[in-house]
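S.K.: Listed in order, the protein sequences are those of chains A and B.
Following my numbering, the numbering of the first sequence begins with 1 at its first residue and continues without gaps.
Following my numbering, the numbering of the second sequence begins with 186 at its first residue and continues without gaps.
Honestly, the hints are just simulated from the structure, not real lab data.
Check the hints yourself; a few may be wrong.
What the hints assert, rightly or not - The calculated lysine to any residue pairs, modelled on SDA-like cross-linking and capped at a C-alpha distance of 20 Å, are: (1) LYS142/A with GLN298/B; (2) LYS142/A with ASP290/B; (3) LYS183/A with LEU338/B; (4) LYS23/A with ASP290/B; (5) LYS142/A with LEU338/B; (6) LYS183/A with ILE297/B; (7) LYS142/A with VAL200/B; (8) LYS183/A with ILE295/B; (9) LYS136/A with ASP290/B; (10) LYS183/A with SER325/B; (11) LYS23/A with ARG45/A.
Unchecked claim - Which stretches of chain B does chain A cover? Using the computed rule of at least three CB atoms under 8 Å from a CB of chain A, they are: (12) 192-198; (13) 212-224; (14) 241-250; (15) 269-277; (16) 295-301.
Since we're looking at a predicted model, the values are computed, not measured.
Don't be surprised by glycine CBs; every beta carbon is placed ideally from N, CA and C.
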Amino acid sequence: MDASTAAPPATVSTSELFVGFLKIGLSGFGGVMPFARRMIVEQRRWLSELEFLDVLSLSQFLPGPNIVNVSVIIGRRFQGVAGAAAAFAGLLLMPLVVVLALASVYAQFAQFEAVRGACSGVSASASALIAATALKLARPLKTSAWQVVICSIAFVAIALLRVPLLWMLAALCPVSIGIAWWKRA
Amino acid sequence: MIPPILIELAAQFLVLSLLSIGGANAVIPEIHLRAVETEHWMTDADFAQLFALSQAAPGPNVLIVSLIGWKVAGVLGGIVAMLAMSGPSSLLTYGVAHAWERWRDAPWRIAIQRGLAPVTVGLILASGYILTRTADHTWSAYAISGATLLLSLSTRLHPLLMLGVAAAAGAFGFA
């Protein structure tokens, strides 16, 4: 039977939520969402594919780190406040320990040319990965001219004009949502 | 007595938490603006290094925030920044999750989603631009960025492989 059609468990305990998100937190580099989907949908079957997509779209629509929002929604769904807190703590605990340890080690070795060079290399490559992610996300927008215009305005305001985020969001979001409402089928 | 710098850090990231529509990557330009240009917590080069470290550790990409906090106020600063960045948005998410399930197919919900999508993409694109600008000061660094961009758009190579090659190239002085 296909994993995505299997019946999800009726409930998931608080400790299972903590351990599950602990693993997700340590599973990926530069973002863990693909690993989260694999574990939640395919391996542990806490949610169906469609349910996960719905959780994902809510987490993207609300402010906050997307995967943190996913942990809160899934934790809440199975165990309320305790579940949300367990999933949240499980997700962030280990990455926080690892990254702060790494930063302390880096501070010790930063005087070595090779260490600083490796860091510059990663930085140059990782920044391009983010640009590539954005370009991939932009592909579905190409079909609608107004979305391309809104996307371009957001880019120019933030990247080139360095307009503070709050002003840009306050000005652009109502306009964009208004156009989407007006253009709705 | 709480050190003023921790309160300052918390105040900055508590606000950013509720502005981070599109996730942590979408607010990188704003974090850069505040940390480097407004608050003068660090230089462009420091910012680029912290970003690289956040990518070299496993975990969600919001980790960059804990490294900013660490740079400004040590380990405690890292923890405070991370909790401030994740706290308000998590409370909001908790509160809204129920309503979202109820109004799944409401037209206003779909309009909000469609309206926010291009703004989010523009923000992440701006992140890529700002980060590339702070990271790339040599022709070889530009070459690494360009190669990464081309490869990730045209192939299905694992991102970790590209980061590994870039780290090795940098260690041997090519960055």
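S.K.: Does the structure keep LYS142/A and VAL200/B at a Cα separation of 20 Å or less?
M.R.: Cα-Cα ~32 Å, so violated.
S.K.: Measure nothing beyond the straight line between the CA atoms of LYS142/A and LEU338/B; if it is 20 Å or shorter, mark the hint as holding.
M.R.: Holds - the C-alpha atoms of LEU338/B and LYS142/A are around 16 Å apart, at most 20 Å.
S.K.: Take the C-alpha atoms of LYS183/A and SER325/B, compute the straight-line distance between them, and say whether it is at most 20 Å.
M.R.: Outside the cut-off at roughly 46 Å; violated.
S.K.: Measure nothing beyond the straight line between the CA atoms of LYS183/A and LEU338/B; if it is 20 Å or shorter, mark the hint as holding.
M.R.: Judged against 20 Å, a Cα distance of about 31 Å means the pair is violated.
S.K.: Do three or more residues from the segment 192-198 of chain B put their C-beta atoms closer than 8 Å to C-beta atoms of chain A?
M.R.: violated (count 0)
S.K.: Closer than 8 Å, Cβ to Cβ, for at least three residues: run that test on the segment 295-301 of chain B against chain A and report holds or violated.
M.R.: holds (count 7)
S.K.: Can you confirm whether chain A covers the segment 269-277 of chain B, using C-beta to C-beta distances below 8 Å and requiring at least three such residues?
M.R.: Answer holds; 6 residues pass the 8 Å Cβ test.
S.K.: For the pair we were handed, LYS183/A and ILE297/B, check the Cα-Cα distance against 20 Å.
M.R.: holds (12 Å)
S.K.: Please verify whether LYS142/A and GLN298/B have alpha carbons no more than 20 Å apart.
M.R.: holds (16 Å)
S.K.: Given the proposed pairing of LYS136/A with ASP290/B, does the C-alpha separation stay at or below 20 Å?
M.R.: violated (26 Å)
S.K.: Count residues of the segment 212-224 of chain B with a Cβ under 8 Å from any Cβ of chain A, then say if the count reaches three.
M.R.: holds (count 6)
S.K.: Given the hinted pair LYS142/A and ASP290/B, is their Cα-Cα distance within 20 Å?
M.R.: At roughly 24 Å apart (the allowed maximum being 20 Å), ASP290/B and LYS142/A break the hint.
Violation of the numbered hints given earlier is confined to hints 2, 3, 4, 7, 9, 10 and 12; the remaining hints are satisfied by the structure.
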